[in-house]
Amino acid sequence: MSQIQVRDLSVEYKRLGSTTGLLALDDFKLDVDSGEFVTIVGPSGCGKSTMLKTVAGLQAPTSGEVRINGIHVTGPGPDRAMVFQDFGLLPWRTVRANIRMGVEFRRRVRGPDVAQRIAEFIRIVGLEGFENHYPHQLSGGMQQRVGLARALIANPEIMLMDEPFGALDAQTREVMANELLQIWETNRKTVLFITHGIDECIYLADRIVVMSARPGRIKEIVKVDLERPRGLYIRSTPQFAIYRDHVWGLLEEEVRRSLRAGL
Amino acid sequence: MTAFARRHDRVMVGALAVLCVVAFWELSGRNGWVNPLFTSYPSQVLREGIELMSSPRFPEHARASFLEFAYGFVLGILVGLPLGLILGRFRRLNLIFEPLIMALYVTPRLALLPIIIVWLGIGLYSKVAVVFLGAVFPILINVLTGIKLVDPLWLRAARSYGASELDLFTKVMLPGSLPYIFLGVRLGLGRALLGVIVAEMYVSTVGIGHLIMQAGEIMRTGRLMFLAILVSLLGTALTLGLRSVEGHVIRWGRASDRG
Amino acid sequence: MMLRYIALKRLFLRSQNLIYGFLGFVMVLVAWDLLTRTGLVDPFFISSPGRTWNALLDEVGRGTMMKDLAATAGSFGAGLAIAIVIGVPLALLTAWFKYIEYVVDPFFWFLYNVPKLAFYPLFIIWLGLGTPTIVALTALFAVFPIFANTFTGVREVNPLFLIAARSFGAHQWQLFARVVLPAAAPVILAGVRLGIGRGMVGVIIAEMFGATAGLGFRMNYSASLLRTSEYFAPLVVVVALGLLIDQLLRVVERKVGRWNQT
Numbered sequence: 001m002s003q004i005q006v007r008d009l010s011v012e013y014k015r016l017g018s019t020t021g022l023l024a025l026d027d028f029k030l031d032v033d034s035g036e037f038v039t040i041v042g043p044s045g046c047g048k049s050t051m052l053k054t055v056a057g058l059q060a061p062t063s064g065e066v067r068i069n070g071i072h073v074t075g076p077g078p079d080r081a082m083v084f085q086d087f088g089l090l091p092w093r094t095v096r097a098n099i100r101m102g103v104e105f106r107r108r109v110r111g112p113d114v115a116q117r118i119a120e121f122i123r124i125v126g127l128e129g130f131e132n133h134y135p136h137q138l139s140g141g142m143q144q145r146v147g148l149a150r151a152l153i154a155n156p157e158i159m160l161m162d163e164p165f166g167a168l169d170a171q172t173r174e175v176m177a178n179e180l181l182q183i184w185e186t187n188r189k190t191v192l193f194i195t196h197g198i199d200e201c202i203y204l205a206d207r208i209v210v211m212s213a214r215p216g217r218i219k220e221i222v223k224v225d226l227e228r229p230r231g232l233y234i235r236s237t238p239q240f241a242i243y244r245d246h247v248w249g250l251l252e253e254e255v256r257r258s259l260r261a262g263l
Numbered sequence: 001m002t003a004f005a006r007r008h009d010r011v012m013v014g015a016l017a018v019l020c021v022v023a024f025w026e027l028s029g030r031n032g033w034v035n036p037l038f039t040s041y042p043s044q045v046l047r048e049g050i051e052l053m054s055s056p057r058f059p060e061h062a063r064a065s066f067l068e069f070a071y072g073f074v075l076g077i078l079v080g081l082p083l084g085l086i087l088g089r090f091r092r093l094n095l096i097f098e099p100l101i102m103a104l105y106v107t108p109r110l111a112l113l114p115i116i117i118v119w120l121g122i123g124l125y126s127k128v129a130v131v132f133l134g135a136v137f138p139i140l141i142n143v144l145t146g147i148k149l150v151d152p153l154w155l156r157a158a159r160s161y162g163a164s165e166l167d168l169f170t171k172v173m174l175p176g177s178l179p180y181i182f183l184g185v186r187l188g189l190g191r192a193l194l195g196v197i198v199a200e201m202y203v204s205t206v207g208i209g210h211l212i213m214q215a216g217e218i219m220r221t222g223r224l225m226f227l228a229i230l231v232s233l234l235g236t237a238l239t240l241g242l243r244s245v246e247g248h249v250i251r252w253g254r255a256s257d258r259g
Numbered sequence: 001m002m003l004r005y006i007a008l009k010r011l012f013l014r015s016q017n018l019i020y021g022f023l024g025f026v027m028v029l030v031a032w033d034l035l036t037r038t039g040l041v042d043p044f045f046i047s048s049p050g051r052t053w054n055a056l057l058d059e060v061g062r063g064t065m066m067k068d069l070a071a072t073a074g075s076f077g078a079g080l081a082i083a084i085v086i087g088v089p090l091a092l093l094t095a096w097f098k099y100i101e102y103v104v105d106p107f108f109w110f111l112y113n114v115p116k117l118a119f120y121p122l123f124i125i126w127l128g129l130g131t132p133t134i135v136a137l138t139a140l141f142a143v144f145p146i147f148a149n150t151f152t153g154v155r156e157v158n159p160l161f162l163i164a165a166r167s168f169g170a171h172q173w174q175l176f177a178r179v180v181l182p183a184a185a186p187v188i189l190a191g192v193r194l195g196i197g198r199g200m201v202g203v204i205i206a207e208m209f210g211a212t213a214g215l216g217f218r219m220n221y222s223a224s225l226l227r228t229s230e231y232f233a234p235l236v237v238v239v240a241l242g243l244l245i246d247q248l249l250r251v252v253e254r255k256v257g258r259w260n261q262t
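Residue numbers (the working numbering), protein chains in the order written: chain E, 1 to 263; chain H, 1 to 259; chain Y, 1 to 262.
Treat the hints with caution; some may be incorrect.
What the hints assert, rightly or not - In the DSBU-like style, the derived pairs of lysine-lysine whose C-alpha atoms are separated by at most 35 angstroms in a straight line are: (1) Y:Lys9 to H:Lys148; (2) H:Lys148 to Y:Lys255; (3) H:Lys148 to E:Lys14.
Please keep in mind that the hints were generated in silico from the structure rather than gathered at the bench.
In this text the structure is predicted, and so the values were computed from the model without any measurement.
Taking the hints into account, I'd like the entire structure generated from these sequences.
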């Protein structure tokens, strides 16, 4: 049985006082196995974030369902952790305190262990020396590392990442993607990763879910057969170029369609 | 111009302008270019001010104003802060009460002076009431706004990591609205100070406001100006003090307004 | 049928502010009425909607309401006009020329921190007891938001507009008249609206302290005679007028600032 099962998922946003709603997702179906790295790519507004939020338990489906390990998803849970595009850090908390949020509310880890684990993950994401800094003192890339550490410390089975590098500049993005893979290689959690970047979605993934323009449906799922571990050099290889052409071919049509629809 | 002057040109020009005005003021009063009865002049202001402050009855007035201000302001915080938090947290309650609060906020409280006097007499209580009314609304409204404007991303993130409703309130909403809480207290402070002075000017036998009216009645312009400057300095000092406290507490970002 | 429903709903959403205000007003009225009707509070202290309405009709009938309104309106109008005539040009100059700002700034902050009513005795010394002092105090109250908003409005014009205009060859005066002023207009208007609010407070207070006619005077006079209803009647008129003018100006503001979708 797949770890994540999404069946006939539809999400419609009803605007207050309006009779028509916005159909974000339509009949979405997806199976993800444990330990898979799945990237989701599609034009703006195609419902990628909505789908992720539904899996996270932050958004109720209008119809259809999401099951994790066979169990129906009704809300957030300790088996999933989210990383946000705009980082989602609390500005009045230091790096340490923000990371602590990963385990704080669910109280799964006892007192002295917490400090130790925080230090461990600070080391893993490479933020030694910045433990007592505030978010506004950090660059975007560093803030997102805090977000990453927070997700990791929660020790989830599934990591849900909503365009985590979207707010970073292009150069930082590449470095972060590479670092993310290195961290992932050590624990192989299941990852659902939303992105706009074509190179990024191929570079990171075992499988790529290409979505259509709104309302979001799966256009095609592309299996990526590049060997791991993957260094950044792999993007210059001919196999990568073939994938790139293929994915872009699928996407271009959808992007143009969404532009014409004024999305 | 030296590099120092160029970097600090704002302060230098400002200081220069003030100095010129003060000098001109002094000369015009002393030489009778303008009748000193109308505008007084700095040395006279200072002289009459010192004379006033060293007079035996002055401490009594100062104490009266201080007490009225303190009681009213503290009361304003004690009522405004919790109410603002509750109304901000429980949206449905807010929906019911917001129109009422806005209606009361819009009513010029200084126009209520006569009826407040009718209700509470000409002594301490009416002044405290005016101060309270001045302080409570900015505090309440800003606390409310602060909670409303908490970035939903913070709430979503915390919720995704399992925060309960109580966690969300104490660990996200409260710290997140601190800049607005301080803003409200700062605004309330200004209006509270105004309230003391105005109420005492309207009807009182003690207090700084009363002294101001009295100075006007006996045409002691120097004393009048001194008192006005005194109040202004007090207000500025209190505001600066509050800002420095705010700066220490909120080390993680900027205050939400400019002035 | 469906279309009409949708249109109604849209109208409801847009006029939410007005509905809110109306609701608040109704709530105050109901609470006010209940307090005296149930005997919780002696109507001597707070009057009641009914009694106040009667007092209002009475004052209108006697002609005093009209006289008071005229007096207050006159002083207010004059004070506001002075505030605009002084405040707007001064603020424009201060915002446009850096050194003028440096000179004006300390004085502005000083005046801002002095309780404006403290100027009342000073005005009496200068202008005597009566209408000139009232007008002066009104102007003083009104000028601050007008000045502050005009200043901010000019300063916070999106620098991109200026860069774009300058790149197409606009000179100083053209920049000012054709880019800055229109761009700042909504904020300046908002300042005038705020100035009107503060100006109304100013004129009422000044009249309360020393006048022979006017709504503020009437309030003070009635209260001193412990005639509560006759105090509330002009107060209600003041509040109603204030709200009305404020709402009207907001509509105008919205029309003027329609290009400015924040």
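Item to check | Agreement of H:Lys148 and Y:Lys255 with the hint, judged by alpha carbon distance not exceeding 35 angstroms | outcome: holds (28 angstroms)
Checklist entry - Are the Cα positions of Y:Lys9 and H:Lys148 separated by 35 angstroms at most? => result With a Cα-Cα distance of about 24 angstroms, the restraint between Y:Lys9 and H:Lys148 holds, given a limit of 35 angstroms.
Checklist entry - CA of H:Lys148 to CA of E:Lys14, is that 35 angstroms or under? => result Status holds; Cα separation ~22 angstroms.
In terms of the numbered hints stated before, the structure departs from none.
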